[in-house]
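Trainee: Chains as they are written, first to last, in my numbering: chain A, 561 to 850; chain B, 95 to 353.
Treat the hints as calculated values from the structure; they're not laboratory data.
Please read all numbers here as calculations on a predicted model, not as lab measurements.
Treat the hints loosely; a few may be bogus.
What the hints assert, rightly or not - Derived lysine-lysine pairs resembling DSSO-like cross-links, with alpha carbons at most 30 angstroms apart:
(1) B:116 / B:341
(2) B:163 / B:271
(3) B:341 / A:720
(4) A:837 / A:590
(5) B:287 / B:341
(6) B:176 / A:590
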Amino acid sequence: MNLFLEFSLVGIASGGIYVLSALSFVIVYKATNIFNFATGEMMMFGTYFFYVFDTQLGFGWIVGLAAGLTSAAILAMIIERVLLRPLLGRPHLVLIMVTFGVGSILRGLAGMIWGPTVRQLPEILPRTPIFIGDILLPGKLAWGFVIAGVIAALFMAYYKYSRAGIAIRATATDQITAESLGINIRGVFLLAWALAGVLAAASGIITASVNGVTPQLGLVALNVLAVVMLAGMNSVGGVILAGLFIGWIETVVGAYFGAAWQSFVPYLIVLLVMIVKPSGLFGEEKVERI
Amino acid sequence: MIQQLENLLQVSDINVSFGGLKALSNVNLSVPSNRVTAVIGPNGAGKTTLFNVISGFYSADSGSIQYEKMDLLTMPAHSRSKIGISRTFQNIALFPGMSVLENIKLGAHAQLKTNVFSAAIYLGSAAREERAISERIYDRLLNLLELEDYADRSISGLPYGIQKRIELARALAGEPKLLMLDEPFAGMNTAEKANMANHMRQIIERTNITVLLIDHDMESIMSIADSISVLNFGSLIASGTPSEIQKNPAVIDAYLGEE
Numbered sequence: 561m562n563l564f565l566e567f568s569l570v571g572i573a574s575g576g577i578y579v580l581s582a583l584s585f586v587i588v589y590k591a592t593n594i595f596n597f598a599t600g601e602m603m604m605f606g607t608y609f610f611y612v613f614d615t616q617l618g619f620g621w622i623v624g625l626a627a628g629l630t631s632a633a634i635l636a637m638i639i640e641r642v643l644l645r646p647l648l649g650r651p652h653l654v655l656i657m658v659t660f661g662v663g664s665i666l667r668g669l670a671g672m673i674w675g676p677t678v679r680q681l682p683e684i685l686p687r688t689p690i691f692i693g694d695i696l697l698p699g700k701l702a703w704g705f706v707i708a709g710v711i712a713a714l715f716m717a718y719y720k721y722s723r724a725g726i727a728i729r730a731t732a733t734d735q736i737t738a739e740s741l742g743i744n745i746r747g748v749f750l751l752a753w754a755l756a757g758v759l760a761a762a763s764g765i766i767t768a769s770v771n772g773v774t775p776q777l778g779l780v781a782l783n784v785l786a787v788v789m790l791a792g793m794n795s796v797g798g799v800i801l802a803g804l805f806i807g808w809i810e811t812v813v814g815a816y817f818g819a820a821w822q823s824f825v826p827y828l829i830v831l832l833v834m835i836v837k838p839s840g841l842f843g844e845e846k847v848e849r850i
Numbered sequence: 095m096i097q098q099l100e101n102l103l104q105v106s107d108i109n110v111s112f113g114g115l116k117a118l119s120n121v122n123l124s125v126p127s128n129r130v131t132a133v134i135g136p137n138g139a140g141k142t143t144l145f146n147v148i149s150g151f152y153s154a155d156s157g158s159i160q161y162e163k164m165d166l167l168t169m170p171a172h173s174r175s176k177i178g179i180s181r182t183f184q185n186i187a188l189f190p191g192m193s194v195l196e197n198i199k200l201g202a203h204a205q206l207k208t209n210v211f212s213a214a215i216y217l218g219s220a221a222r223e224e225r226a227i228s229e230r231i232y233d234r235l236l237n238l239l240e241l242e243d244y245a246d247r248s249i250s251g252l253p254y255g256i257q258k259r260i261e262l263a264r265a266l267a268g269e270p271k272l273l274m275l276d277e278p279f280a281g282m283n284t285a286e287k288a289n290m291a292n293h294m295r296q297i298i299e300r301t302n303i304t305v306l307l308i309d310h311d312m313e314s315i316m317s318i319a320d321s322i323s324v325l326n327f328g329s330l331i332a333s334g335t336p337s338e339i340q341k342n343p344a345v346i347d348a349y350l351g352e353e
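Generate coordinates for the entire structure from the input sequences, incorporating the hints supplied.
Mentor: Given below as structure tokens:
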């Protein structure tokens, strides 16, 4: 039983990273209706930005974090403004393929610049394990989870209460009406991408603080797809629960049944949920007016 | 009585076509300040197209639209509400995930000094501005439109007539100079129509707002409009006071005769 609890806690803690990258995915999908397959690569590139400013240029982690997240936001805005904006109004498939392409380009670029070797990030998070009763949690994992939780909470508050958050929500619901109310929806698109860049980079940095960063870091984000589909593509709140759940089930299944099961059980669950409720557990079904 | 009035909005020689279909041809329309101007016409006459061109959602092939000496056709759609133009929609276009008050507050969005990016960081001055707006909405709009009891309710589930009033409140929240109403009486029963007309009359009396509305509910329009223009197949066939329009043979033929 104790072992199960331990696996559960580790799983939930690792789900925190899914939450952040899934939020990155959902904010773009909500505001712009674009399915961003480059989320993982934005995560990976943001981590390298941090690495560049912190380690390669030697600015230390505080400046590195500020500059890294800013660069990640700028990269995301460039992707939106330069590559996707001109294609607005084209079939969704075209836009999705562009994000796929952006993903491979970023992965290739990272390989050319930093090579395939693992780059270690500075030791910011304390290693000292944390005991909850008899259960031991690795320090980095626990602190990573706490930080992810704080970021997610800040983001939720911002999304719910700030005027910009309300503008994003209005745009997500009805672009025409939002525009007639004076909301610059192109500004909203840019803002949503910038936020997505920051969220992705934050989740990447937390992930890499344990095992370092390689150009393949973004592949973790494939599981984010399971999170997002389980929650419902447009549910910001649902993503948080679903992220933790997927992290949990993955770790528990992996611990008891081995790695082969670990990779497909989350998707199996997603599949079952999709059969029963195609819009996801918390997704809003879009009702078209006639 | 005809007097020379200053026009807040001047639509001149507007042509719009979708593919081969001509939706509007050489439409001219003057909207005098502090008056209620109505555009009527059968379904498909081009009323909503005209609204969407003024709102900036469709572009015109030729012609011009002047608003307070500004050329509206060169301005992006979202800039309208900043210069005092607001509108409602034929199908209620409220945001179902937000409360009534949040919806109405969005109408004042463009009047705020802080834009989306500066409001991205929620600063003290932005918070103060928000509070002032909420108070103003409570004091003026909610009681004027009898919506006090609904302020914190969610939009979904509210009756149609109430939702229409909320949309009107949202359009008024930014204190516009020009209020554009797209079929404010559509889908209402007689009691709701009378109630809506009543509210609109109060708004017109208490403010010096200019109203441009489209509808085909003749009865409600006659009691509110100062002047009426009639569209048929994308062309303007008549304009004048309500009583002139009622007597106009071309109008009776094209429009009233049908009913």
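Trainee: Determine for every hint whether it applies to the structure shown.
Mentor: These are the hints, each one checked on the structure:
1. B:116 / B:341: Roughly 28 angstroms separates the two Cα atoms, so the pair holds.
2. B:163 / B:271: Cα-Cα ~14 angstroms, so holds.
3. B:341 / A:720: Violated - the C-alpha atoms of residue 720 (chain A) and residue 341 (chain B) are around 54 angstroms apart, more than 30 angstroms.
4. A:837 / A:590: holds (19 angstroms)
5. B:287 / B:341: holds (24 angstroms)
6. B:176 / A:590: holds (25 angstroms)
In the structure shown, a violation is registered for the earlier hint numbered 3 alone.
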